[in-house]
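Kindly generate the complete structure, drawing on both the sequences and the hints.
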Amino acid sequence: MAQAKGAQEKGAPEKAEFLKGTLDMLILKVVAAAPIHGYAISQRIQQISKDFFQLPQGSLYPALHRLEERGWLEAEWNDTATGREAKFYRLTRTGRKQLEAEMLHWERLSDAVALILRTA
Amino acid sequence: MKWLRRFTQRALSEKRLDSELQFHLEQQIAGYIESGMPPEEARRHARLEFGGVERFKEECRQTHWENQWDSVGRDFRFAFNCLRKDRLFARIAIFALALGMGASTAIFSVVDNAIFEPFAYKDSSQLVTIRLRDLDQANDWRGVFLFDEFQEMKRHTHVFENAVANLQEDVVYDAGDNSMLLAGNYVTQGTFEFYGMAPFLGRSLEPGDYEADAAPVFVMRYRTWVEKFGADPSWIGKRFKLNGISRTLVGIEAPRFAWGGAQLWMPKQPAEVRITRSFDGVQYWGVVARIRPGVSPKQAAADLEPIAQHFSKVYPKEYPTHFSMEVDSFAHAVLPREFRMALFTFSAAVGLLLLIGCANVANLLLARATTREKEFALRAALGATRFRMVRQLLAESFLLALAGAILGVFFAWAGVRTIAAVIPDFTIASETVIQMNASVLIFALVAGACTVFLFGLVPALKVSRWSLDESLRDNGKGLTGSARGAGLRNAVVIAEVALSVALLFTASMFVRSFVALQRVPLGLRTDHVLTARLPLPPDRYKTGAQVRSFFQPLLARLKSIPGIAYAAESSSIPPYGGIRSQVEVSGRAHSEKWFTLFQLCSEDYLSVLRIPILEGRAFTETEVNHALKVALINHTFQRRYFGNGDPLGQRIRLSGLKDFPDAVNDPWFEVIGVVADARNRGLTEPIEPEAWIPFTVTGSAARGILVRTVNDPTPMFKTVAGEIWATDPGVAMAEPNTLDYFLDLFTFAQPRFGLWIVGMFGGLGLLLVTIGVYSVMAYTTARRTHELGLRMALGAAARDVMNMVLGHGLRLLTFGILIGLAASLVLARVIANQLYGVSPYDPLTIGGVAAVLLLIGLAACWVPARRATRVDPMAALRYE
Chain A
1 MAQAKGAQEK
11 GAPEKAEFLK
21 GTLDMLILKV
31 VAAAPIHGYA
41 ISQRIQQISK
51 DFFQLPQGSL
61 YPALHRLEER
71 GWLEAEWNDT
81 ATGREAKFYR
91 LTRTGRKQLE
101 AEMLHWERLS
111 DAVALILRTA
Chain B
1 MKWLRRFTQR
11 ALSEKRLDSE
21 LQFHLEQQIA
31 GYIESGMPPE
41 EARRHARLEF
51 GGVERFKEEC
61 RQTHWENQWD
71 SVGRDFRFAF
81 NCLRKDRLFA
91 RIAIFALALG
101 MGASTAIFSV
111 VDNAIFEPFA
121 YKDSSQLVTI
131 RLRDLDQAND
141 WRGVFLFDEF
151 QEMKRHTHVF
161 ENAVANLQED
171 VVYDAGDNSM
181 LLAGNYVTQG
191 TFEFYGMAPF
201 LGRSLEPGDY
211 EADAAPVFVM
221 RYRTWVEKFG
231 ADPSWIGKRF
241 KLNGISRTLV
251 GIEAPRFAWG
261 GAQLWMPKQP
271 AEVRITRSFD
281 GVQYWGVVAR
291 IRPGVSPKQA
301 AADLEPIAQH
311 FSKVYPKEYP
321 THFSMEVDSF
331 AHAVLPREFR
341 MALFTFSAAV
351 GLLLLIGCAN
361 VANLLLARAT
371 TREKEFALRA
381 ALGATRFRMV
391 RQLLAESFLL
401 ALAGAILGVF
411 FAWAGVRTIA
421 AVIPDFTIAS
431 ETVIQMNASV
441 LIFALVAGAC
451 TVFLFGLVPA
461 LKVSRWSLDE
471 SLRDNGKGLT
481 GSARGAGLRN
491 AVVIAEVALS
501 VALLFTASMF
511 VRSFVALQRV
521 PLGLRTDHVL
531 TARLPLPPDR
541 YKTGAQVRSF
551 FQPLLARLKS
561 IPGIAYAAES
571 SSIPPYGGIR
581 SQVEVSGRAH
591 SEKWFTLFQL
601 CSEDYLSVLR
611 IPILEGRAFT
621 ETEVNHALKV
631 ALINHTFQRR
641 YFGNGDPLGQ
651 RIRLSGLKDF
661 PDAVNDPWFE
671 VIGVVADARN
681 RGLTEPIEPE
691 AWIPFTVTGS
701 AARGILVRTV
711 NDPTPMFKTV
721 AGEIWATDPG
731 VAMAEPNTLD
741 YFLDLFTFAQ
751 PRFGLWIVGM
761 FGGLGLLLVT
771 IGVYSVMAYT
781 TARRTHELGL
791 RMALGAAARD
801 VMNMVLGHGL
811 RLLTFGILIG
821 LAASLVLARV
831 IANQLYGVSP
841 YDPLTIGGVA
851 AVLLLIGLAA
861 CWVPARRATR
871 VDPMAALRYE
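First to last, the protein sequences are chains A and B. If you use the numbering used here, the first sequence corresponds to residues 1 to 120, in order. If you use the numbering used here, the second sequence corresponds to residues 1 to 880, in order.
FYI, nobody ran anything at the bench for these hints, they're computed from the structure. Don't take each hint at face value.
Said to hold, decoys possible - Among chain A residues calculated to face chain B with C-beta under 10 Å, some are:
{"#": "1", "residue": "Pro35"}
{"#": "2", "residue": "Gly38"}
{"#": "3", "residue": "Tyr39"}
{"#": "4", "residue": "Ala40"}
{"#": "5", "residue": "Pro62"}
{"#": "6", "residue": "His65"}
{"#": "7", "residue": "Thr82"}
{"#": "8", "residue": "Glu85"}
What the hints assert, rightly or not - Heads up, simulated DSS-like pairs for lysine-lysine below, C-alpha to C-alpha not over 25 Å straight-line:
{"#": "9", "chain 1": "A", "residue 1": "Lys29", "chain 2": "B", "residue 2": "Lys57"}
{"#": "10", "chain 1": "A", "residue 1": "Lys87", "chain 2": "B", "residue 2": "Lys718"}
{"#": "11", "chain 1": "B", "residue 1": "Lys57", "chain 2": "A", "residue 2": "Lys87"}
{"#": "12", "chain 1": "B", "residue 1": "Lys241", "chain 2": "B", "residue 2": "Lys718"}
Computed from a predicted model, the values in this text were never measured in an experiment. Even glycine gets a Cβ: it sits at the ideal position worked out from N, Cα and C.
Now the structure itself:
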């Protein structure tokens, strides 16, 4: 999973595809809690994963814009606690559905992988 | 409209992206400082971590659809630059496309307008005309009928739904200080309902106008109203003095209503109609019927037979011995068969031209694709996706197609206008409007665009189909290149050459025929002669003496004008002569009927036309003024009816004169002179026997004048018109013009039109064949660059390479020319009846056409051949 950094590199299209989906899911999940700006997203992912994921800006922002374009996120410019204006992302209804679908899919996938790893 | 705002506010969204990233950066720095890093270090660290901002900014932008346009724009700029680098290719491709599209659109539009949609009348495909054919003389029939006959046909409702009839009438419009001659038509009741066209202004003729006590009215043709009355609506409701009767103009007909080619239409009960000038006072009506659906013209004709049989007994003079009725579609009757045939032939030729134009472009694109294979392989290797390459190629194709389409539309527009301008009068129905046909244009554009897009994609398809390294290693460097498609390409060239030969052959036959036609000796001089028809008001000019009272002073006045050499009365416009009549010659018995043309003329007639006298003498003024029964005959008359006998002093009887309204009861004339033969049935028909008699012997028949001037006759029109109106202001001068003009209009206009059209197609064919040969040869040599380089490295001289390339072209050309010539010889038989004075198997023409094709073809080969000789052997080999 540390390869998340290399998601945009060429030569491993299948992996990138898979990881890109994972990244999208993680972002959606983080945003689902409350409206949040880009920097905070990367901080929270890093925090929660206990520094396992270093989410580079080069992956984060294209992903955010892509999710916004698809209508899963919507954005608004608001003041932060420090009074600075920032772009806050919020989950839309279709975004929530997408998140649920992806989480379900992920659970099944990881269960299956875990099962194989344990029993094989 | 959110999407539109996004599109227009792209600068704003760009700024927002910047500030979003800036915010992140600042937060990062703040975070580092918080964790104890010195500010400078924190800033440096954060920036380093942020990395290449531009790259992922671009990635962000890519996710927004509105920004896709930028890359599309780049594709187009790239495509444009590619085409600009290969200007020769771009120009030739665009030109070939435009030519194919333009030519086919133009000719198909004309065909569609002239043949398939000539009329705007209601259900015009059901309209038929009726003719009476004389079975003994192939072309002798009448397409006009007596009113009795018309009524009987109309009652015959089980084949016709309805029928209408019109009667031609010269109408003199008395405008006060001068008079204008207009072509009028009396039409039967229900004519406008029959044709189902609403008037442009005012109203059409209505049943009330046909009541016995109705006020006299008339309606006018749109074009006449525009050309002669300034399109002024205030003329409606005004009274016009027409042939002495005051009539109110009640309406202007729709622009495409032109029945009978008339300028105005008048209601009249047939019983009242008194036609101004008819040879024998009989009224002949043109008849148009609407055939019942499901009834064929043949069935209708068979149905009319009993009516004709019946009337042949009532009016025996109106029927030949053996006859049959003929029913033909209106469109066919109006459009001469040859013209239709010619248009169909041209359509086929042009369809082929379009096809070949497209094939040419396809060949060009293939040639280009071959030379670019490497470029694309390289781009693919450098990471260009197939989608992106296809998009760039599509952009290139789009630019080519767009430029071709724009130029093509222009060609089509110019072509339609040119053809419309050169179609001679009386060739197509006067109702026809020649204009560009939108659906045809769209078809041609789509065909052209499809070719470009389809063949333009070839390089990208090749790159994806073959593995990259294969493409990089070997492209078109086999000894003769890939054989795939070579047969097809060669076949296209051969077909092009063959078609071009056939077109050129036809064109040159027409040219030679036209030249021969212009060299036909007329037997009379048409230069410096002006002529005009003079319809005399029928109420005041009934007898020969009355007609003389007009012409005698007029001719005297004209002759006294300086600049006028001679002036004469004439009953026809040469080289078309006179009235047809049965003729008897005193003391000569014969079993078959003898016919002659005859003319009513005054004493200066021969001098105006410079027709020499062979024997005897011309009329004297006294003979003409006293209406003496004397006659001149032409040489053909003498040879045919007098044989070796001396005609002078003999008497001939022109029986036709007995049937004139102002009949000549004892029409025997003494022959006083024999004149040289001059054309009297047009240029191409054999000269017929003809006789001339003093115009004063009868008051009937059409009249006109012929005036020989010393200098250019054009400025004399006004003077002559002034003298005519000074003699009688009630006489209108119809169609005054020079005799040369009429000769041109009636004799040369149609062949010249044919010449124009075939000339145009001959030229187009040549152009396309040049492009075709060039593109294929360029393609082939491009594929053989490596081979040629190798040959030259091994010692082949530039001349050998040149010969090799030219040899290939020569083989294709020879095949094409041979096939084309074979086709031409077949074609020659088809067009033989449209030719005059040339043999279709003329070796000079055939040789000339072959030579021209060969030269042009070799010239087209020469450019790629020369390029081949300039191949640097080292460069070609290093290609490896």
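We went through each hint and held it up to the structure:
no.: 1; hint: Pro35; result: violated, 14 Å
no.: 2; hint: Gly38; result: holds, 5 Å
no.: 3; hint: Tyr39; result: holds, 4 Å
no.: 4; hint: Ala40; result: holds, 8 Å
no.: 5; hint: Pro62; result: holds, 4 Å
no.: 6; hint: His65; result: holds, 4 Å
no.: 7; hint: Thr82; result: holds, 9 Å
no.: 8; hint: Glu85; result: holds, 8 Å
no.: 9; hint: Lys29/A - Lys57/B; result: holds, 24 Å
no.: 10; hint: Lys87/A - Lys718/B; result: violated, 89 Å
no.: 11; hint: Lys57/B - Lys87/A; result: holds, 16 Å
no.: 12; hint: Lys241/B - Lys718/B; result: holds, 23 Å
Checked against the numbered hints above, the structure breaks hints 1 and 10 and satisfies the rest.
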